[in-house]
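Residue numbers (my numbering), protein chains in the order written: chain G, 1 to 189; chain D, 190 to 644.
There could be a bad hint or two in this list.
Computed beta-carbon distance windows for the label pairs [unchecked claim]:
hint: 1; chain 1: G; residue 1: Gln-178; chain 2: D; residue 2: Arg-224; range: 46 to 52 Å
hint: 2; chain 1: D; residue 1: Lys-507; chain 2: G; residue 2: Lys-168; range: 46 to 52 Å
hint: 3; chain 1: G; residue 1: Trp-70; chain 2: D; residue 2: Thr-580; range: 36 to 42 Å
Hints are computed from structural coordinates only; laboratory data are not their basis.
Glycine included, C-beta positions come from ideal geometry on N, C-alpha and C.
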Amino acid sequence: MSDLLDTTGPFAIACARENPDFLGSFHTPLMPFALTPERDRELTEILTRYPTKMAACIPALHLCQDQLGWVSDEVITFVSTRLDLPPAHVKGVVTFYTLFNQHPVGKHQVWVCRTLPCALRGAGDVLHHCEKRLGIKPGETTSDGKITLRTAECLASCGTAPMIQVDKTYHENLTLPQVDAILDRLQKS
Amino acid sequence: MLKQTNYLTKVYGLPNGWTLPVYEREVRGYETAKRVLTTMAPADVVTEAKKANLRGRGGAGFPMGVKWSFMKPHPTKPAYLVINADEGEPGTHKDRTIMEENPHSVVEGCIIGCYAIGAHTAYIYVRDELHLSKERLWLAIHEAKAKGYLGKSPFGKAYPVEVVVHTGAGAYICGEETSLLNSLEGRRGEPRLKPPFPAQAGAFGCPTTVNNLETIAAVPTAFQIGCEEFSKLSAIHHLNDGGVRLFGVNGHVNRPGVFECAVGLTLRELIYDLGGGVSGGKALFCVIPGGSSTPLLRAEEVVHAPDEKSPLHAWHGKSVLDVPLGVDTFRNLGTMLGTCCATVLAEGTDPIAAFHNLMQFYRHESCGQCTPCREGSGWLFRIADKLMDGTCSMQELDSLHDIANNIMGNTICAFGEGTAMPALGFLKKFRKEFEAYVRGERSGKDARLTVAPLS
Ligand SMILES: Cc1cc2nc3c(=O)[nH]c(=O)nc-3n(C[C@H](O)[C@H](O)[C@H](O)COP(=O)(O)O)c2cc1C
Ligand code: SF4
Ligand code: FES
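Please model the complete structure; the sequences and the hints are all you need to start from.
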């Protein structure tokens, strides 16, 4: 799909200034995406659970994102071919759900729940602390590519607030020293 | 009426409490599903279920048995049971505990539910973030299958039942049942126009019942002790609000958490007896009774129900904190029971900052299909932002009412009301504070949401 992208517009030029290889990357053929055999078998099994192939769209995208870290155009092509769906359908799904990364993200994702019940128990302090320690704002990634900081809306953990989610794990009933310990571990990983 | 029970929560906290051997040992797990499938006809299961007065635990409080009775067999299409475990309503943290600590009650409930409504497949839609919940549900499904409780002939009965865990990808709106069905089908999670209702055309265009996860998890208990007995455990059984349920409490309390009690508990009991009182020994300021979409109650409010026919008449002149938490009682208080997980705000909390926080949530989560909701939620948030900055004018403050009122009743799904109602609640109950912000007497700079800074 990359040939559909305008490589001469102001956005592409701005990107090329940041990264001289940017335009070049459009002229080298892109690696098609494929799931590892193990994940592909899992997808085959998932397909047996539903009366339609379309129903496997979100699970399939999760499998791809687990592998690649984000949903690239090649992933969209893969899913649409594998499930017989128009690419536009898959793209529409990807853009609807906040958990699909439409750009590469850090090695670890730190989600700080900011919604009222957590805020009442100190989520604001947790977020400020993370921003200060990492030197980034929500939505940004540390320069070493290790940590992407994000805010989350209520994660069903209000009874054990404040909390953060790191990748697939919840950390609840947090104090600031505990937040420090978690970030230390991630930075060393 | 404070009556703690442990039907759903008996296995909570036990070593391996989420596994089949513990479930069978502690609560005679799956005996009920076996009895129902092998001795009762599906129609009788529905009739019996109605007696439980089990009001849906997902927020709207619709009677479960009545919902089941809407399912009519279709000549060609299969039927589906879909379990809503999207749990995204801010302040709600109960379904997650069931999935993590007692997943077998969900699977057993699904077997009974499928049989009652004529379905052979149950999809449990779990929000993606809850990885441990999904893992425990799958484990429970595999354990039950290995024992022959699920599959081609559960308990030897020729009535196949499969249970499948499905996951979303982070969208609060997917908790709305028709949005959830679209998401299950692999589409964008945009709510559908009703009718048709899910019972006519739900998942994959087939007749479908959507039940909240706690609703279905309570089914084995109701049938085990008898649906009528189950209903009578409640202090407001006479208001057709029966059984036991999970009550959550969070925010400014000393012991936040989830507790199982008979229906009919009061907010005072929830906050002071179970929640350990308001943090820092502060006075109670206000309570959001059942998730952020339910309009708040101020601590000093008193019930006004002089009419003898009102379900609230018995509490006329008493504090709202002493009204039993029930679907109809709370509707008559001008709010809603919602998910029955209360958020507590202590004296000293800034209501405008709380309003701002919630409006940010709704602005973020509107699916964008309906103009009044998409634009209205954005507008509400922008004005909230201006209030916090000290740049909001009196006209803009007044326009908040119009914006919220224009959302009400003009949208495809109830997200619109869920945004407008709490906004109007804040405006009505904190008009003085809103005006103080406009006049510059207070500002977002010194707004506080916490009782004490986190250390
Ligand atoms: C915006 C919105 C979000 C909702 N979120 C949830 C949810 O997270 N979990 C849930 O069970 N019900 C949720 N509901 C209610 C469902 O639409 C539906 O009424 C419920 O799942 C039915 O189950 P019940 O009758 O057992 O309560 C939501 C409704 C709306 C309008
Ligand atoms: S009311 Fe809001 S959330 Fe519901 S369908 Fe309309 S725009 Fe979407
Ligand atoms: S508000 Fe943070 S988990 Fe609910």
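These are the hints, each one checked on the structure:
Hint check: Gln-178/G to Arg-224/D, Cβ distance near 48 Å, so the stated range 46 to 52 Å holds. Between Lys-507/D and Lys-168/G the beta carbon distance is about 47 Å. The supplied range of 46 to 52 Å therefore holds. For the pair Trp-70/G and Thr-580/D, the supplied restraint of 36 to 42 Å holds, since their beta-carbon distance comes to about 38 Å.
In summary, this structure violates none of the numbered hints.
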